[in-house]
Every structure is written in C-alpha cells, then in structure tokens.
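**Student:** Reassemble the complex: the two chains are provided individually, in unrelated frames, and hints are given to aid placement.
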Amino acid sequence: MCSSRACGIIRLAGFALVSCMLYACGGGESDGRGQNASGAQKGGNGALVLVVDFERRQFELVQGTVPLWSVPFFNADSTEVNAWVESFGSAKDQSVPLAENILLRSRNLLTDSVIAIVADASGFDAHLLQRRIPARFILRWEDAALEVESPVSAGGPGLRELWHNARSTARRMFGEAQMTLVVDSLGALTLQRAAVPPLATRVRPPKKR
Amino acid sequence: MKRIFGVPWAYPAAALGIVVVLVLVLANGAENKLTSFSPIDQGIGGKTEEESPRRPAARRKPKPGERYVVVDTHANRVYLRTEDRILLDARCSTGSGDTLVDTATGRVWVFNTPRGQFTVDSKMVEPWWRKPDWAFIEEGLPPPPPAKAHERLDPEVMGDYAIGFGDGYFIHGTLYERLLGVNVTHGCVRLGAKDLTELYKQVQIGTSVYVF
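Chains W and R, in that order, give the protein sequences. In this text, residue positions in the first sequence follow our numbering: the first is 1, and each later residue adds one. In this text, residue positions in the second sequence follow our numbering: the first is 210, and each later residue adds one.
Warning: the hint list may mix true and false statements.
[Said to hold, decoys possible] Facing chain W, according to a computed beta carbon distance under 7 Å, are these residues of chain R, among others: (1) Glu292; (2) Asp307; (3) Val391; (4) Asn392.
Hints were generated in silico from the structure; no laboratory data involved. Every residue gets a Cβ at the ideal spot worked out from N, C-alpha and C, and that includes glycine.
Chain R extracted, bound-state conformation (with noise of 0.2 Å):
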C-alpha cells in the first residue's frame, strides 16, 4: 500500500469514517421520512371548490393589513388575523402526538400537527374521508384491498368544508364538537361547524397558515 505522510492506513482510515457519516445521514433520513409519513396520507376527496397548482407553496410574508391564520396547537386554538387584529378566535383540536405501530408490516405514524409555514392550498366543500391504513389498523382492523377502495369512503366526518395547508393536512369539521380543545386529532385540525364556516368564507387560496 503506498504511504501517505509516512503511515499507510492515513487516506483509507479518513475514507472509511467519510463513508460510515454518509451512511448514518442517510440512515437518519429515511428514518426521518418514515415517522414523518403524513396521517392523511391517501387523502380526502369531495367538490372541490379551488384548488392550487401542485407546486411548492410560496412561503411569505403577508403584507399590512392581509389575513392570515394561525393555530395555537398547545392552547388548542385557530386565529384568522392580521397583524394587529384578531378576526376570529376559535377553539380546535390539534394532534395528540400519539405513536401507531403497523406490527405487520412495521409502518409507523405519529399523529402530531406539522408546525411552520403553510399556505392554504384547496378549499373543498363537503369534503369526504378516504381513509387511510392507519385508521383501519387502529382498529385492529386489515386495510382492505384496492378491489374494494369504496370501503374506505366515509362521507361524514369530515364536516362541511376543508382547508388544505399542504403536505395532506386539513382544517376540516367534527362530529365531535364536544372534544373541541383537546389533542384528538391524527394530525389535521378540526374546527366546530361555525366557526369552520367563517373560516372558509375568509380563506383564499394562497393565505398563509402559521402553525406553532
């Protein structure tokens, strides 16, 4: 082996610390991608009002005077506001930051609301639920097979409008207004019937959602 700066082991011991880092990164990121699978991730459907291209939501700064909504998911609360005026203030439900564990296959889902920046990228009415695996399988339920998919419609839980904020996350309705202001959710945030509906009228595609 040649000889760098007198020892031989010099360049492949450097080399080989390099290659285990890439490894570990790598590693963590996909470790990273799996817990933070989306809840919501094979969707909710209905009419579908407006609808944002599918392209990266900007992330800005609303101007003086724009409306823009934030949830509070610690005090479990959503407010539509601008700067210096709050315009709605309305209790929610957030995610509970619950852990599932798909034993069969190792699928895992944390159920916790994304904070950030969003914006608002779909406003549907009367949205429906096509529920995903992880609503099956906390019920110790089998997901069912594509040949029977209308088995995941559920046409009700959803309320009467929904707000898409990206990555598969809604504020949507509940059929359990009594639960408003406690972390129920698996991830999407649930309005009671009035105020979702203000909410819905003041929304436009493109308002920012400030989660924290």
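Bound-form chain W, shown alone (with noise of 0.2 Å):
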C-alpha cells in the first residue's frame, strides 16, 4: 500500500494523537476524594513521597526532602522487618511506586446526625465532608504489602474483607512479603487518604546491630 517511511510517518502521527488524546481526557479523573486526591502537586521542592521509616519505626510523608508529617507505628517483628526490606527490594534513597491501597474496615469520623447538620449548614453534600477513620487497610508494592492496622472499633470483617484476606494468602504463597503494623487512628486516616497509587516509596532499613 505504502513505502515504509510513509507508514511510520503516519503511525508516529496516530501515536502522538492517541497519546494526547489519553492526556487531554485524563484530567478529569476522580475517585471520589475531589480533583486533589490524586495528590497532584503545584510546584515545590519534588513531589511527595512515603518513607516507611524502620530506624525510627514511623511511617513519613516528605517533599522532596522536607519532613511534613510521621506517624510512629508499632508491631514491627525485627526477624520479619529485614525479610520484608528485603523483599521490597529498593536500593537506597530509590523509590518504588504504591501500586494498590485498599481499605477494608472503616469506622465514620462523624455520626450521621452530626454530618446531616454540618452538611445542612455548609450546603455541602454530606458523602464529600464525610472522613472514614481506617481500622484496617493494605498497601501494596510491587514485590511487598503492608497491612496497617489502628485501634478503632470497626464491627466484623465483610465479604470484601474476606475475599481479599485470600487474595493476599494467595499472594504470600507466591513470594510477597507481608507484615502488620498498627497506628493510631489520627495517623491512619492521613496514611490512608494520602497513600494515593503511584505516591513514590521509599523504605529506611532498621540500624544494623
């Protein structure tokens, strides 16, 4: 039909119109959170970034290099702390990106009667000013997951709870590293909402004794 030149001409010109195409029509993601939550950021010193801190047992949100905010955790088995680095398999100061983070048992931060007042007042729709504290919720690397655990009483585990506890047997089974770490609930619901997939990750070992 056409030389072979002319063809890649034309494939390159699809290609870039494809691209741009899924550009122009991304901007409108959303995952219910508002046009932030995907933590876009405007400017600074580089983007955000998670540290799960083992030498000072905190996990840490950073820009660039600037500290914004920790939360210590507890739990954290030495023996499977350093099998876990292992797996997670970043070299120092590279990052790996969040790949899923999946709460599975919450606890609302405000009662519905409290919620329908402030939303009456404000003239805001109740689900946007509605925060769940996470009493139970799984990040996950490519190689690695944590289960982060905080101590809000939540009510029993449902069926999507349930189904991914087997999905993550099966996972463990296949070479994934897993461990639970448990913070306090204030901290919880900062990780949990500011853990958006792809956020950068960085893992600080534990001080070899």
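**Tutor:** See below:
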C-alpha cells in the first residue's frame, strides 16, 4: 500500500494523536475525593514521597527532602522487618511506586446526625464532608505489602475483607512479603488518604547491630 | 499533489494529526484553567500589615531550624514545625471538594484546597471578605453589579487575621469553630481564634507553606 517510511510517519502521527487524547481525557479522573486526591502537587521541591522508616519506626511523608508529617508504628518484629525490607527491593534513595491502597474496614469520623447537620449548614454534599477512620487497610507495592491497622472499633470483617484475606494468602504463597503494622487512628486517617497510587515510596531499613 | 515517499497524503496526514493534537492540548489547558478557578478570586481586604512584592513565590527548601507551615487536608490539621520539632498542632477546616456550576454562565468552581508548596505572601489584621460571585450563586442570588460593590463586603467572617499563601488562598479565622476538623471550606484554611493568633505571630512573609 505505502512505503515503509510513509507508514512510519503515519504511525507516528497516530501515536501522538492517541497519546494526547489520553492525556487530554485523563484530567478529569476522580476517585470521589475531589480533584486533589491524586496527589497533584504544584511546583515545589519535588513530589510527595512516603518513607517507611524502620530505623525510627515511623511512616513519614516528605516533599522532596522536607519532612511534612509522620506517625509512629508498632508491632514491627525485627526478623519479619529484615525479610520485608529485602523483598521491597529498593536500593538506597530509590523509590518504588505504590500499586494499591485497599481500605478494608473503617468507621465514620462523624455520626450520621452530625454530618447531616454540617451538610445542611454548609450546603455541601454529606458524602464529601465525611471522612472514614481506617481500622484496617493494605498498602501494596510490586513485591511487598503492608497491612496497617488502627485501634478503631469498626465491626466484623465483611465479604470484601474476607476476599482480600484470601487474595493476600495466595499472594504470600507466591512470594509476596507481608507484615502488619499498627498506627494511631488519626495517623491512619492521613496515611490511608494520602497514600494514593502511584505514590513514590522509600524504605529506610533498621540500623544493623 | 506532490508525492512523498510514494504516497501523496503522508505529510498532510501527519500535519493534520499534529494540528488535532495541538487543539486537544490547548482545549485541555483551557478546561483546567476553568476548573481551577480560585474560590477567593475576588479577594480579601483589610489592614495589610505586610505584603510581598508581586512576583512569583520563591520555592526553596527551609534551612535547618527554620519554621514552616504544613496543612494536612486529610486529617484537617495545621502544623507549624521545623525539620525535627512540631511547634503548633491545630485543628483546621480545609476545602470540601464540592463543585458549583453557575447554570446562567456555565462557570465552574471546585472548592479544593490546593496542594503543593507555597510561601506566605501577605499578612492581614482584621480582614474583611469581598464576596466573590460564587458566594451569591451558592445562595441562589444574583451577584451584585459593580455599582453595588459594597454589597460584597463582609467584615465579620474572616476572624482576626488572614495569612495569604498565594493564588488568593488564605489561612484565616472562622465564626464556626464547631466545624473545625471537617472539610467544609471553599478552599481556604480555617483555624480557631487562639491557634490563628499564635500562627500569625510566628510566621513571616516568605515562610514556606506545604499543603498535602
């Protein structure tokens, strides 16, 4: 039909067209938390990074190198930690993108009656004003996962949670490193909402003794 | 038509593709401009204690020991901190994420608190609010014409101080302290009176503000 160079030019133009259509249509993506939830950052000294710091036993959010927020975690067994860090697989100062953030169990921050009053007074949709305090959620990277729990009473596990338990068991059998950490409830709220894939994540291993 | 590589329409097809791409990119830019319309577009006034010159805010890393402000929009907290110490931890209210559409003109407002790094660019005492169009549209009222601009002024709602951090966004007070901790604002950051006074005293023009 046409020469190979001509076909190449046409393919290139087509590729540019499709790429830009995807770019143009991607601006409206929403996960129900408003347009900023994807972690879009305006300028500044680098993007938001999650640091899992086993040296100081805390989750930390930094922008570039500036510490913004941290929450201590508990329940980190040293043998488990070393195996997990090894599986996480990032070299020093290299980050790995967060692949999944799955909220399994939560409790509403405000009661229904309070949120109804606030929504009525402010004129905003109740679902936009409500925040859920996570009781249990999973952060998952390529070869490692962290289950984060907070001391919030949120009822028993639902079907979704049972399905994810089965999925986690299967992934563990295929070599995924898993560990459970506990944080306070306010810390869990920020961590769960700020950890939007593909948030860059770094791990600081524990000090060797 | 001149034949190129044996195909008469190869270059015109490529040129058409590039033109379509440019149109799409420009259209997307225009849309973003519309939806990121600053909620406080018509401003805030008052006794300006300090104000930076009108130039882009400098983006720089705070020096060791230097104070900076962090706004956690997820848990609705404001921190004044240094790299290793938290000096103030206050409950606040940030943007609701709600969208308002003016059906008459098609204008759209998204009430989010912007994320990223900013710097304090103004400090005001006894600020008053010059209500923007959306404040009237939200209440089902028509915005007043320029001849009745005084109808936009509200000296009560902003509290004792306002700290500007760019693009028309401010950290200011509120009449509704019971709503602190809930995402109810149109994009600004509301603080309780005591915490606002403390923060106002401790930040300077140029202090970094990080919002996440």
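**Student:** Taking the hints in turn, state whether each one holds.
**Tutor:** Going down the list of hints, with the structure as the test:
no. : hint   : result
1   : Glu292 : holds (6 Å)
2   : Asp307 : holds (5 Å)
3   : Val391 : holds (6 Å)
4   : Asn392 : holds (6 Å)
The structure is consistent with each of the numbered hints, conforming to all of them.
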